[in-house]
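Chemist: Taken in sequence, the protein lines are chains X and E.
Count the first sequence with the working numbering and you get residues 41 to 626, in order.
Count the second sequence with the working numbering and you get residues 8 to 143, in order.
Quick caveat, the hints were computed from the structure, so don't treat them as lab data.
C-beta: ideal position from N, C-alpha, C; glycine also.
Be a bit skeptical, because a hint or two may be false.
Label-pair distances were calculated between CB atoms; the ranges are [said to hold, decoys possible]:
1) E/A106 - X/L531: 41 to 47 Å
2) X/L85 - E/N108: 56 to 62 Å
3) E/S58 - X/D314: 56 to 62 Å
4) X/E429 - E/N108: 54 to 60 Å
Beyond 10 Å from chain X on every Cβ pair, some chain E residues (computed) [unchecked claim]:
5) K42
6) E89
7) A107
Think about it this way: if two alpha-carbon atoms lie no more than 25 Å apart in a straight line, the pair counts; the simulated BS3-like pairs of lysine-lysine are [stated by the list, open to error]:
8) X/K246 - E/K10
9) X/K191 - E/K100
10) X/K540 - X/K575
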Amino acid sequence: MYRMLSIDLSSGKIEERDISDIFKKFIGGSGVLTYLAAQELTKELDPFSERAPIYFALGPLNGYFPSMSKTVALFKSPLTGDLGESHAGGRMSLAMLSANVHVLRIVGKASQPVYLSIDGDRVAMIPCSSLWGRSALATERILREKEDHRKGKKSIVRIGPAGERLSPIACVTVDSSRHFGRLGLGAVMGSKNLKAIVISGSECPKIENKKAYQELYDRIFKELIESENTYKYRDLGTAANVVPLSKIMGLPTRNFSQGFFESAHTISGEYFADHLLAQQISCAHCPIGCIHMGVFRELFADPHMYKTLKTSYDHELIYSLGSNLSIAKAEELLKIIHFVERQGWDAISIGVVLAWATEAFQRGLITLEETAGLALNFGDAETYLKVLENIAIERNEFYKDLEKGVAYCAKKYGGEEFAICFNKNEAPGYMTGPDAFVGYAVGVRHSHLDCAGYSFDQKYLGRAEDVEKEVKAMYEEAVWRMITNSLVMCLFARGVYTPKTVLECLNVVGYNLDEQSLDRVAHTIHGMKYIIKEKLGFDFAKLNLPKKLLTVYTSRGKMNEDSFKKRVEFYSKLVEEDKELALRAV
Amino acid sequence: MAKKLTVKDRERCIGCYCCMFACTRVWYGALGIEKSAMRVKNYPGVEGAFSVRVCQACKQPECAAACPTGALRLAKRGFGVELVRELCTHCRKCVRACAANALQWDEQLQIPIACRHCGICVRYCPTNVLTMQEVV
Ligand code: SF4
Ligand code: SF4
Ligand code: SF4
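Using the sequences plus the hints, can you model the full thing?
Modeler: Structural data, given as structure tokens:
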């Protein structure tokens, strides 16, 4: 039985619901949540109102198979006003499974700061005014210690001060440095006075079909352990991309002015591994171990007083707070990441904002008056740390504005042409060419994870463009990811979980699907998402490239506006059929 | 001679819990980690440091000595313990007696979880933290 636990923070009311039929129809995770939230997410709904829901969900293979290790969140994004979806690892999916909660729905607003405690059947809202204002890292430390008596693995899901301040680029941090990063879930939690969720339980669901299951498990486990495709994520991690991307001019540098970063090698995965990597860690039930923890020892008083920062890094952070700000020293970069981690901003978004602010300052759109005397220069880590500090203390109106996202800032201060965002969402770390950019524009989450445009660009390097073929390939990838997102698998395992293997897994846990029916579900979910998105104001016809990106060189040369428009139009046509399918299905 | 489960290199642990999933899966036909006879635990506030706790395979187990009913007793292989479930009165004296804090407790069934020293968890550890060692 798949169970939804629904909690109203205003009234304290707790409800349970059997949603097995919805899991049957829409697999789980993202598909189930899209269906559940479809009616609730309206254009009029204020993302910070009591009625705005936060949903978390597992997929049907979480707990069963390795690297099915993520949890998905769905909400109305305060950053874009559009559909918000974000995925995080850590121990949350294990903890939800142990608490026998497959979907967690939270509405309402607590009258004072609380954390939500779910320990098996015991659900409580625990006042925690004394935790308000605490960093995301301190909050985890405190709650892990406070709740240490509990049996079972706890997952601690919390916001930092950025979420409390309702910054629409605030993230939600899960356990050791995993995040529901994008689209502002942190602010939605903040608006509900919800500082954290501590979840645990001691359920161990029984396995049916034990022999077939174990055989399949072993095959997948072996592939995950042995495959080069997954090993690279443990070895250097996604940071392995930094130098190769720079070589092909695909690493955004100094606010997307160019794709080549002259200091890529000093903030590369190799540099980090050789000098700063402390160890790799993993999400629960994932043998890959992709989380790279960097340590940085800093002298803080003479002659030998040191402090040590430990913080995780990966490609997106190295781009957004590194190359895009022209930070050439990995040690300085770790310090910036650490600050961002404590405040609880989405690292991509805050990096893009800082890059925009620097360019806006250099062009005179903002002055020393706004920055309270700080001159912004690319490469100046010390000043960037001061800027972040000023945002954190809400020094003045300008600093308060910075954490409202780059689209907001550019609208108010100017410089929209170099505010690098798509549908108001700050762009991820690839400027490989049209497929990457089109992917950010059309994707359901406006993220590189929607359809992996960056990888199609790399396949087409040096080749003539083939608009229809490229767009079709991206679209097909996006549709398949409706399934991976509904299983809530780790995308790093996607090479092992081919459609064939996924079908085997689903059928071993009691689904009855074939290739065709799985494909139909994928298209239906895809269609449902665009129906919601369009209801919330998304419009293919209004999609544009930030002007600056028309003038810069990508890995595939200069962008061309017509080609961009053509691609978007073609993509929107492909989506039409999915929408029809979705309308028929629901 | 028989082999026992031991921790070879704790510092290599990535905290993936595949070991505990394996023990729970294979011996209890269940999902999760709660039935596992060994535990990997992370500490509050210490990023990435894991304590890996396995049955110490005592030849004179203090947990068995503490058991008032003889339910938990020295295993026939001569080290570690086995449980005669019908005799267990769920008093928890055994887990409290294990100074290494290595004997685990099944919250659902309210019984101790005796490690079989079968080596299954070892096979699923991706970084070779665990090993099977000759008992001497
Ligand atoms: S809980 Fe059971 S096995 Fe443990 S000491 Fe008590 S009776 Fe013996
Ligand atoms: S040796 Fe066997 S019984 Fe003991 S912890 Fe490992 S898998 Fe479980
Ligand atoms: S399987 Fe190995 S690395 Fe993973 S938690 Fe267990 S001991 Fe640690």
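Chemist: Which numbered hints turn out to be false for this structure?
Modeler: Violated: hints 2, 3, 4, 5, 8, 10.
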